[in-house]
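**Student:** Sequence:
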Amino acid sequence: MNVVVDEGSEGQRLDNFLLKFLKGVPKTHVYRVIRSGEVRVNKGRAAADTRLALGDVVRVPPVRVADREDVPAAPAREFPIVFEDDHLLAVNKPAGVAVHGGSGVSSGVIEQLRRARPQAKFLELVHRLDKETSGLLLIAKRRSALVALQEQFRSRETGKTYAALVNGAWPEKVKVIDVPLHKFLTAEGERRVRTVDADHDDGRRSITLVRVAARFAAFTLLDVTIKTGRTHQIRVHLAHEGHPIAGDEKYGDFAVNKALARGEALPGHRFDRMFLHARRLRFDHPATGETIELAAPLPPECQKLVEALTP
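Per the numbering used here, residue 1 is the first one in the sequence shown, and the count goes up by one each step.
What the hints contain is simulated information worked out from the structure, not anything from laboratory work.
Note that the structure is predicted; figures quoted are calculated from it, not measured.
Certain hints may be false.
Said to hold, decoys possible - Each computed DMTMM-like pair below joins lysine to aspartate or glutamate, with the alpha-carbon atoms no more than 20 Å apart:
| hint | residue 1 | residue 2 |
| --- | --- | --- |
| 1 | K173 | E78 |
| 2 | K183 | E157 |
| 3 | K20 | D56 |
| 4 | K23 | E10 |
| 5 | K121 | E157 |
| 6 | K183 | D130 |
| 7 | K23 | D49 |
| 8 | K250 | D284 |
| 9 | K227 | E124 |
| 10 | K183 | E78 |
| 11 | K121 | E132 |
| 12 | K173 | E124 |
| 13 | K121 | E78 |
| 14 | K250 | E188 |
| 15 | K121 | D6 |
| 16 | K43 | D6 |
| 17 | K175 | E249 |
| 18 | K175 | E241 |
| 19 | K27 | E7 |
| 20 | K183 | E132 |
| 21 | K131 | E190 |
| 22 | K23 | E124 |
| 23 | K23 | D6 |
| 24 | K304 | E264 |
| 25 | K131 | E293 |
| 26 | K27 | D15 |
| 27 | K227 | E151 |
| 28 | K131 | E38 |
| 29 | K258 | D272 |
| 30 | K27 | E38 |
| 31 | K227 | D130 |
| 32 | K20 | E10 |
| 33 | K258 | D223 |
| 34 | K183 | E241 |
| 35 | K20 | E38 |
| 36 | K250 | D85 |
| 37 | K20 | E188 |
| 38 | K227 | E157 |
| 39 | K227 | D197 |
Can you make the complete structure from the sequences, with help from the hints?
**Tutor:** The structure is reproduced here in structure tokens:
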């Protein structure tokens, strides 16, 4: 078939365009048909790294696509909008919702948004949040916005602040955590992260800035800013300091988590999620250059817990 490149695919590499268009086809096969010349752009041969322009005609040869009928369609869902214009969308993601499908999750925020907005030509995640984390999530509505915003995130030109409630009394002197992290898989195939020494071959430098926002009898509320964006960075760094995030099922104190969930840690208040919330995000608008600063208040269950804690 012949596919005309629209503004949602403008500027994309040919290989990435085909991998998305031919979902279910192995990567090796996609690259094989490109190399063989079966894929044509404007009737001519093209390399895998060819950048597609608006209006280009891509000839896609017939290929066998994996049967996906047994994969349930993502439910259409909108999320609380914090900011939206023609270039980007910022939503306040609830805890417990993955940002995208995969790893045992059939769909996430991005798939559900695409289903809710069938007229949208382009919707892509700019960055990610853990499933258990709530708060500000950016989605690009144009490829140019995606590229510009991801470059800002890569070069650390964005400001991301999280609210985290941790167990115990956070020491005032600990304001910077500069400890390398190493990502690995458990025997069950689950993704995990641990701190390692600076000379570890697979360790990646990771920097987290911490400020005490409020102190309570058994917990501390922190403002956390990350200078590097590693998987589970905040969760592992805070646990490494001996003060894991309340409700963190992977790196937390399981006895405290259970007491919170049962309403025993704070009589009358059950809390059964991880207390990590992306509350503030600052970036330069990809089209105007204007500095945008967004804020998302604590979710009601987090706010109620904070109000119930005793100083």
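**Student:** Now look at each hint and say whether the structure bears it out.
**Tutor:** Hints, one by one, checked against the model:
no. : hint        : in the structure
1   : K173 x E78  : violated, 42 Å
2   : K183 x E157 : violated, 24 Å
3   : K20 x D56   : holds, 17 Å
4   : K23 x E10   : holds, 19 Å
5   : K121 x E157 : violated, 28 Å
6   : K183 x D130 : holds, 15 Å
7   : K23 x D49   : holds, 19 Å
8   : K250 x D284 : violated, 34 Å
9   : K227 x E124 : violated, 23 Å
10  : K183 x E78  : violated, 32 Å
11  : K121 x E132 : violated, 29 Å
12  : K173 x E124 : violated, 40 Å
13  : K121 x E78  : holds, 16 Å
14  : K250 x E188 : holds, 14 Å
15  : K121 x D6   : holds, 8 Å
16  : K43 x D6    : holds, 17 Å
17  : K175 x E249 : violated, 25 Å
18  : K175 x E241 : holds, 11 Å
19  : K27 x E7    : violated, 24 Å
20  : K183 x E132 : holds, 18 Å
21  : K131 x E190 : holds, 14 Å
22  : K23 x E124  : holds, 16 Å
23  : K23 x D6    : holds, 18 Å
24  : K304 x E264 : holds, 15 Å
25  : K131 x E293 : violated, 23 Å
26  : K27 x D15   : holds, 9 Å
27  : K227 x E151 : holds, 14 Å
28  : K131 x E38  : violated, 40 Å
29  : K258 x D272 : holds, 8 Å
30  : K27 x E38   : holds, 15 Å
31  : K227 x D130 : holds, 17 Å
32  : K20 x E10   : holds, 13 Å
33  : K258 x D223 : violated, 24 Å
34  : K183 x E241 : holds, 18 Å
35  : K20 x E38   : holds, 17 Å
36  : K250 x D85  : violated, 37 Å
37  : K20 x E188  : violated, 29 Å
38  : K227 x E157 : holds, 9 Å
39  : K227 x D197 : holds, 19 Å
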